[in-house]
Amino acid sequence: NAGVTQTPKFRVLKTGQSMTLLCAQDMNHEYMYWYRQDPGMGLRLIHYSVGEGTTAKGEVPDGYNVSRLKKQNFLLGLESAAPSQTSVYFCASSPQTSGSYEQYFGPGTRLTVT
Amino acid sequence: GQSLEQPSEVTAVEGAIVQINCTYQTSGFYGLSWYQQHDGGAPTFLSYNALDGLEETGRFSSFLSRSDSYGYLLLQELQMKDSASYFCAVDTGRRALTFGSGTRLQVQP
Chain A
1 NAGVTQTPKF RVLKTGQSMT LLCAQDMNHE YMYWYRQDPG MGLRLIHYSV GEGTTAKGEV
61 PDGYNVSRLK KQNFLLGLES AAPSQTSVYF CASSPQTSGS YEQYFGPGTR LTVT
Chain B
1001 GQSLEQPSEV TAVEGAIVQI NCTYQTSGFY GLSWYQQHDG GAPTFLSYNA LDGLEETGRF
1061 SSFLSRSDSY GYLLLQELQM KDSASYFCAV DTGRRALTFG SGTRLQVQP
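Here the protein sequences come in this chain order: A and B.
Using this note's numbering, read the first sequence as starting at 1 and increasing by one per residue.
Using this note's numbering, read the second sequence as starting at 1001 and increasing by one per residue.
What you were told as hints is all true, and nothing was included just to trick you.
Covered, in the sense of this in silico footprint (three residues per stretch, anywhere, with C-beta under 8 Å from a C-beta of chain B), are these stretches of chain A:
(1) 50 to 64
(2) 99 to 105
With the C-beta cut set under 10 Å, the calculated list includes, among others, these residues of chain B facing chain A:
(3) Ser1033
(4) Tyr1035
(5) Phe1045
(6) Ser1047
(7) Phe1087
(8) Cys1088
(9) Arg1094
(10) Arg1095
Source of the hints: derived by calculation from the structure; they are not laboratory data.
The beta-carbon is built from N, C-alpha and C at its ideal position, and this holds for glycine as well.
All chains, full assembly: derive it from the sequences and hints.
In structure tokens form, the structure reads like this:
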């Protein structure tokens, strides 16, 4: 099993450009999440999904959109990138099973917006 | 609002015991998680407490008091590889996590 994978690993954007970050998991998990982590800080939840076709806003959703068309994939879109969106983006997944609380994280995408 | 407080840095020596405290104030609470993150890496799961009390997993233990909105992570027999950042995180529902700012643990020889 590959676990949780993220594409791309690194990206540099110019202000106003758009891009999509892809997260894929092969563990058949129902729940998926997008977080951002700024230097020296904890992770902040952007959006999450509790199943195929569903999405919900997290703590810092402004400037981002998401889609979960397939259970294994969770896409994060930036329509018009801003320097404030320079960050490391982590995707995570979690089973819905009662008693299973672990979130499995991908390796992260390092995004710089100039 | 949501807030979690934990110390920013802790230093300890190999073989010692260290406790990292976390106090929280959130609009919803289902449980308290702890994650470890090495520099440049992804967070990895350590523990989850849904109920009051102590949970032990090897060298690591985690405690929760829901009435005090307080928890801690206890690391025993510290090793150099334990040098990392440790985050407490509150599950506010559907496993959606609100993280603290992290505690950087430095283990010295």
